[in-house]
Amino acid sequence: AQKVTQAQTEISVVEKEDVTLDCVYETRDTTYYLFWYKQPPSGELVFLIRRNSFDEQNEISGRYSWNFQKSTSSFNFTITASQVVDSAVYFCALSEPPSYNTDKLIFGTGTRLQVFP
Amino acid sequence: NAGVTQTPKFQVLKTGQSMTLQCAQDMNHNSMYWYRQDPGMGLRLIYYSASEGTTDKGEVPNGYNVSRLNKREFSLRLESAAPSQTSVYFCASSEGGLGSWGNTIYFGEGSWLTVV
Chain A
1 AQKVTQAQTE ISVVEKEDVT LDCVYETRDT TYYLFWYKQP PSGELVFLIR RNSFDEQNEI
61 SGRYSWNFQK STSSFNFTIT ASQVVDSAVY FCALSEPPSY NTDKLIFGTG TRLQVFP
Chain B
1001 NAGVTQTPKF QVLKTGQSMT LQCAQDMNHN SMYWYRQDPG MGLRLIYYSA SEGTTDKGEV
1061 PNGYNVSRLN KREFSLRLES AAPSQTSVYF CASSEGGLGS WGNTIYFGEG SWLTVV
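Chains A and B, in that order, give the protein sequences. If you're matching positions, the first sequence starts at 1 in our numbering and goes up one per residue. If you're matching positions, the second sequence starts at 1001 in our numbering and goes up one per residue.
Only chain A is shown next, with the shape it has when bound in the complex (with noise of 0.2 angstroms):
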């Protein structure tokens, strides 16, 4: 069965500080997608990123960066020098197997990041 789990519930750091939100993953198939999105405050949610299980190179994207390692299952997003408004909650996702002809996505829990001035 497929599954992700986002173990930290809660995160709280303060401004500068840099952190990490764990996100661990199951699935039997060989070819997946994985996402990240931010839903802030005001509720909606925001796309982060998506990434294909055969490209394994970490990603960056200003203070953002991604560390998907396929041998744990792990697809780890990192905040260098967090800001307040990085305040939100972070999910991540994973992918259903490729027979619906659709996107179906199966999300974690998420964890809610608290950034103090």
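Bear in mind the hints are in silico, worked out from the structure with no lab data behind them. Note that the Cβ used here is the ideal one computed from N, Cα and C, for glycine as well. Some clues are possibly wrong.
Claimed, not checked - No farther apart than 30 angstroms at their CA atoms in a straight line, the calculated lysine-lysine pairs in the DSS-like style are these:
id, chain 1, residue 1, chain 2, residue 2
1, A, LYS38, A, LYS16
2, B, LYS1071, A, LYS16
3, B, LYS1071, B, LYS1057
4, B, LYS1057, A, LYS3
5, A, LYS3, A, LYS70
6, B, LYS1009, B, LYS1057
7, B, LYS1071, A, LYS38
8, A, LYS38, A, LYS70
9, B, LYS1057, B, LYS1014
10, A, LYS38, A, LYS3
11, B, LYS1071, B, LYS1009
12, B, LYS1057, A, LYS16
Stated by the list, open to error - Pairwise CB distance ranges, derived in the manner of DEER restraints:
id, chain 1, residue 1, chain 2, residue 2, range
13, B, THR1054, A, ARG28, 22 to 28 angstroms
14, A, PHE47, B, GLY1099, 17 to 23 angstroms
15, A, LYS70, B, ASN1070, 39 to 45 angstroms
16, A, SER12, B, THR1054, 42 to 48 angstroms
17, B, GLY1063, A, GLU56, 28 to 34 angstroms
18, B, GLY1099, A, ARG28, 19 to 25 angstroms
19, A, ASN101, B, GLU1073, 43 to 49 angstroms
20, A, PRO117, B, GLY1099, 16 to 22 angstroms
21, B, SER1080, A, ASN101, 27 to 33 angstroms
22, A, PHE47, B, ASN1062, 40 to 46 angstroms
Start from chain A and add chain B according to the hints.
Relative to the frame of chain A, chain B by itself:
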């Protein structure tokens, strides 16, 4: 860029009342979805429509019905609301289509529904 638009944003219902959440997307996407978000449970799929003319149950379909009105619109109906349906509802869409999987899903801004 409107993306995915859902209405209403907030609604309070009495137990037993019915209501319909409306959703429209302007990205010419084939697939549309309704998720609910509850504290500590992440997002769970209620129903989805892989393409115009088709709808299928997701993980938590009981108490809901959907209609894919056309390629742009996908509505969610609560026939007889219950307190357990108090939640935040998200409509979403993706490219989808025959042979599609793993594309990015784009979400609406959410609808906060309280059933008293």
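These are the hints, each one checked on the structure:
Distance restraint check for LYS38 (chain A) and LYS16 (chain A): the Cα-Cα separation of roughly 19 angstroms lies within the 30 angstroms cut-off, and the hinted pair is therefore satisfied. The hinted pair formed by LYS1071 (chain B) and LYS16 (chain A) fails the criterion: a straight-line CA distance of about 45 angstroms is larger than 30 angstroms. As the CA atoms of LYS1071 (chain B) and LYS1057 (chain B) are separated by approximately 18 angstroms, the hinted pair is consistent with the 30 angstroms bound. Simply put, LYS1057 (chain B) and LYS3 (chain A) have alpha-carbon atoms about 19 angstroms apart, close enough for the 30 angstroms limit, and the pair holds.
Annotation: proposed proximity of LYS3 (chain A) to LYS70 (chain A) holds, straight-line Cα distance about 15 angstroms (limit 30 angstroms). A distance of roughly 24 angstroms separates the Cα atoms of LYS1009 (chain B) and LYS1057 (chain B); the hinted pair therefore holds under the 30 angstroms criterion. For the hint linking LYS1071 (chain B) to LYS38 (chain A), the alpha-carbon distance of about 27 angstroms falls within 30 angstroms, and the restraint holds. Proposed proximity of LYS38 (chain A) and LYS70 (chain A) is supported: the alpha carbons are some 23 angstroms apart, at most 30 angstroms.
Between LYS1057 (chain B) and LYS1014 (chain B), the direct Cα distance comes to roughly 25 angstroms. Compliance with the 30 angstroms bound is thereby established for this hinted pair. Our distance criterion of 30 angstroms between C-alpha atoms is met by LYS38 (chain A) and LYS3 (chain A), whose separation comes to about 19 angstroms. Distance check on the hinted pair: LYS1071 (chain B) and LYS1009 (chain B) sit about 22 angstroms apart at the alpha-carbon level, within 30 angstroms; holds. At roughly 44 angstroms between alpha-carbon atoms, LYS1057 (chain B) and LYS16 (chain A) are farther apart than 30 angstroms, so this suggested pair is violated.
A beta carbon spacing of about 26 angstroms between THR1054 (chain B) and ARG28 (chain A) agrees with the range 22 to 28 angstroms that was offered as a hint. Range check, PHE47 (chain A) to GLY1099 (chain B): Cβ separation about 22 angstroms, and the 17 to 23 angstroms hint holds. For the pair LYS70 (chain A) and ASN1070 (chain B), the beta carbons lie near 41 angstroms from each other, so the given range of 39 to 45 angstroms is met. For the pair SER12 (chain A) and THR1054 (chain B), the supplied restraint of 42 to 48 angstroms holds, since their beta-carbon distance comes to about 44 angstroms.
Distance hint check: the CB atoms of GLY1063 (chain B) and GLU56 (chain A) are about 42 angstroms apart, inconsistent with the given range 28 to 34 angstroms. For the pair GLY1099 (chain B) and ARG28 (chain A), the beta carbons lie near 20 angstroms from each other, so the given range of 19 to 25 angstroms is met. The given range of 43 to 49 angstroms is broken by ASN101 (chain A) and GLU1073 (chain B), whose C-beta atoms sit roughly 20 angstroms from each other. Hint check: PRO117 (chain A) to GLY1099 (chain B), Cβ distance near 49 angstroms, so the stated range 16 to 22 angstroms is violated.
Our hint of 27 to 33 angstroms for SER1080 (chain B) and ASN101 (chain A) holds, since their Cβ atoms are close to 32 angstroms apart. Roughly 29 angstroms separates the CB atoms of PHE47 (chain A) and ASN1062 (chain B), a value that falls outside the hinted 40 to 46 angstroms.
Hints 2, 12, 17, 19, 20, 22 from the earlier list are contradicted by this structure; the remaining hints agree with it.
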